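**Student:** Now for the letters of each chain:
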Amino acid sequence: MSRLQHTFAELNKRGEAALIPFITAGDPSPQRTLDLIRTLAAAGADVIELGVPFSDPMADGPTIQAASERALAAGTTLKTVLDIVAQARRELQIPLVLMGYYNPVFRYGVECFARDAMAAGVDGLLLVDLPPEEMAEIKPMTDAVGLPLITLLAPTTPLERAKRLAAAAEGYIYYVSMTGVTGTQAVSPAAIRDAVVQLKTLAQVPVAVGFGITTAADVQAVAEFADAVVVGSALVRIIGEHGSDEGLLDKVAAFTGSLKQGCKK
Amino acid sequence: MSYEYPDARGHFGQYGGRYVAETLMPALLELEQAYVEVRNDPEFQKEVDYYLNHYVGRPSPLYFAERLTAELGGAKVYLKREDLNHTGAHKVNNTVGQILLARRMGKKKVIAETGAGQHGVATATVAALFGMECEIFMGTEDIRRQSLNVFRMKLLGAKVTGVTSGTATLKDAMNDALRHWVAHVRDTFYVIGTVAGPHPYPMMVRDFQAVIGIEAKEQILAAEGCLPDVAVACIGGGSNAIGLFYPFIGDSQVGLLGVEAAGLGIETGKHAASLGAGSPGVLHGNKTSLLQDADGQIQHAHSISAGLDYPGVGPEHAHLHDIKRACYVAVTDDEALAAFRKLTEIEGIIPALETAHAIAQVIKMAPSMSPDQIILVCLSGRGDKDINTVAQAMKVEL
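Sequences listed follow chains A and B, in order.
So the number in the working numbering is just where the residue sits in the first sequence, counting from 1, plus 691.
So the number in the working numbering is just where the residue sits in the second sequence, counting from 1, plus 628.
Derived by calculation from the structure, the hints in this document are not laboratory data.
Keep in mind that the hints are not guaranteed to be accurate.
Once the Cα atoms are required to be at most 35 angstroms apart in a straight line, the calculated DSBU-like pairs of lysine-lysine come out as [said to hold, decoys possible]:
| no. | chain 1 | residue 1 | chain 2 | residue 2 |
| --- | --- | --- | --- | --- |
| 1 | B | 787 | B | 674 |
| 2 | B | 952 | B | 1023 |
| 3 | B | 735 | A | 891 |
| 4 | B | 952 | A | 830 |
| 5 | A | 854 | A | 942 |
| 6 | B | 735 | A | 854 |
| 7 | B | 898 | A | 770 |
| 8 | B | 787 | B | 845 |
| 9 | B | 674 | B | 735 |
| 10 | A | 770 | A | 830 |
| 11 | B | 952 | B | 787 |
| 12 | B | 782 | B | 1023 |
| 13 | B | 992 | B | 1023 |
| 14 | A | 854 | B | 736 |
| 15 | B | 845 | B | 952 |
| 16 | A | 854 | B | 737 |
| 17 | B | 787 | B | 1023 |
| 18 | B | 898 | B | 992 |
In this text, all values refer to a predicted model and were calculated from it rather than measured experimentally.
Let the hints inform the model, and build the full structure from the sequences given.
**Tutor:** This is the structure we're talking about:
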């Protein structure tokens, strides 16, 4: 059983939804990211999504765009991100999923990347701009090393397509809670409830919900019907505002702890 | 030669495709289906032709540049006068087609990205014509360089949204247009201005621009009784170039030559030669040749011409480059400025700075060709919009 499967199985036994915080790797610096991973894990995160910074993040709103820019300015590359994962993996068992855009992975070389990612201890890969129509060009390489490719589904995905994608999904499904970019609108739990409940019947893997979830109350509302809840921009905003402060880790820990409370059903 | 691209999945060899977030995939599949339906629908084609003829003013003339030819002392130079189209550039050929498709699909709002502002103006124009809501995304750096076009768009009723992220140029305008489209995909049609973006855009924009080459082929045959030796066009994303080239791809005796912007010089790193100095990568929904660093981060392009200031290029050009059916060269800002002045002075035609890159290449190559050879060049747009930039480069105060 993989770390991801193990984590979801344990949570399922306890009747809890998984809390999946997202942070941009290298924001404000690679060293600080390692501290943040430790903090998130200790404060109740169940899985961590690490954003791989890209110069042109076309699915992200201003908050995560700015985080990408800070990370790139700090010299973060895909190699740096893998190094961060490898260091975290020496002391932590929490599943770490990389989320980002295809070009840095393409440029790194998919085969090398898949091998290096597994060696570093990456548990899943979510490439926002690599839809199922184009996935065939990397799937043989990720399959060869057993790296799950996380599938995105959106409110605009028609049912027939959702059935097909859900049946083939690996790791977990990331359901985008709204038609928009990250962190720009608030989630409406009531509006997505039916879609997520239906999706859970179609999928063999857990269904996570993300985009627009910013408060403990949002988490609680979504955790009622989702297997996992992703919080990104709200956390990245705290890092953006307090990146160099002494108190950053305490603030992140307190926020994460409050979010985790909402996951307990 | 047999040339059937893109394939069913929107790929031109290793390039093209649909590298977008899931939120947009259903919209692209819907667009593809709608486009495939109209592509072979004579009624739709009749409608497009009607507006191209009576509104845009097509066919555009093919003009023998007699004085330029004499001055260069080599090959005959013919100019395909896309600058004489309504709105002053080739861009409107595509926006007419896309807005008619948008209407068929029942969309009420259109958005577009723009660099030099020509595509923004062409989109705002057809939106006004059909009474549709229109929003144009434009980098604030380009808004500064192209204030005349910004005002034109506003007069036409469009909302112009400044984009400050990244380099505040065309690349970033396209990022923000895509972000806006993700959030409004249900009722909004995205009118992409060049042969880039996800499938079916590179194919669709090419088809709408192919009227340039189709007409030019007939016109040159009527004028000279033979095909040109080489067809030349400037390339940013590459829509006027593919429009000119596409109908000649099967005519292997016709050389196809794309001219990229070398900016301050390729060796300075400040240029926009995505084919000449780029490498394969994925940006804005397609795989193509890009200016990028070793880690896959997109690099800043530079060109005096806002329309060429883009770190990528249409995937079909990347493919034509790979299979060596087309050649690509680059000319500098200074060479383009000199060509801009030359054409203005001896033919009385003020070209767009983008177009001046193609003219600069003609000035370089025509003298070494023989007088019975023919160069067909796409005069993609007129230069009124660039007067401020040129005055500044010449250190003239207006």
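**Student:** Taking only the CA atoms, is the gap from residue 787 (chain B) to residue 674 (chain B) under or equal to 35 angstroms?
**Tutor:** Holds: residue 787 (chain B) and residue 674 (chain B) sit about 31 angstroms apart, inside 35 angstroms.
**Student:** Verify the proposed pairing of residue 952 (chain B) with residue 830 (chain A), using a straight-line Cα cut of 35 angstroms.
**Tutor:** With a Cα-Cα distance of about 30 angstroms, the restraint between residue 952 (chain B) and residue 830 (chain A) holds, given a limit of 35 angstroms.
**Student:** Would you mind confirming whether the straight-line C-alpha gap from residue 782 (chain B) to residue 1023 (chain B) stays at or under 35 angstroms?
**Tutor:** 29 angstroms, holds
**Student:** Is the hinted pair residue 674 (chain B) and residue 735 (chain B) satisfied, with a Cα-Cα distance of at most 35 angstroms?
**Tutor:** Since the Cα atoms of residue 674 (chain B) and residue 735 (chain B) sit roughly 21 angstroms apart, the hinted pair holds (cutoff 35 angstroms).
**Student:** Does the structure keep residue 770 (chain A) and residue 830 (chain A) at a Cα separation of 35 angstroms or less?
**Tutor:** At roughly 21 angstroms apart (the allowed maximum being 35 angstroms), residue 830 (chain A) and residue 770 (chain A) satisfy the hint.
**Student:** Next pair to validate is residue 845 (chain B) with residue 952 (chain B); report whether the Cα-Cα distance is within 35 angstroms.
**Tutor:** Satisfied, since the Cα-Cα distance of roughly 21 angstroms is no more than 35 angstroms.
**Student:** Is residue 898 (chain B) within 35 angstroms of residue 770 (chain A), Cα to Cα?
**Tutor:** Given pair residue 898 (chain B), residue 770 (chain A) holds - Cα atoms ~27 angstroms apart, limit 35 angstroms.
**Student:** Between residue 992 (chain B) and residue 1023 (chain B), does the CA-CA distance stay at or below 35 angstroms?
**Tutor:** 25 angstroms, holds
**Student:** Checking one constraint from the list: CA of residue 952 (chain B) to CA of residue 1023 (chain B), max 35 angstroms. Satisfied?
**Tutor:** 41 angstroms, violated
**Student:** What's the verdict on residue 787 (chain B) and residue 1023 (chain B), does the C-alpha distance respect the 35 angstroms limit or exceed it?
**Tutor:** Satisfied, since the Cα-Cα distance of roughly 33 angstroms is no more than 35 angstroms.
**Student:** For the pair supplied as a hint, residue 735 (chain B) and residue 891 (chain A), is the alpha-carbon distance within the 35 angstroms limit?
**Tutor:** 33 angstroms, holds
**Student:** Is residue 854 (chain A) close enough to residue 942 (chain A), meaning Cα to Cα at most 35 angstroms?
**Tutor:** It is violated: about 40 angstroms lies between the C-alpha atoms, which goes past 35 angstroms.
The earlier numbered hints that this structure contradicts are 2, 5, 8 and 11.
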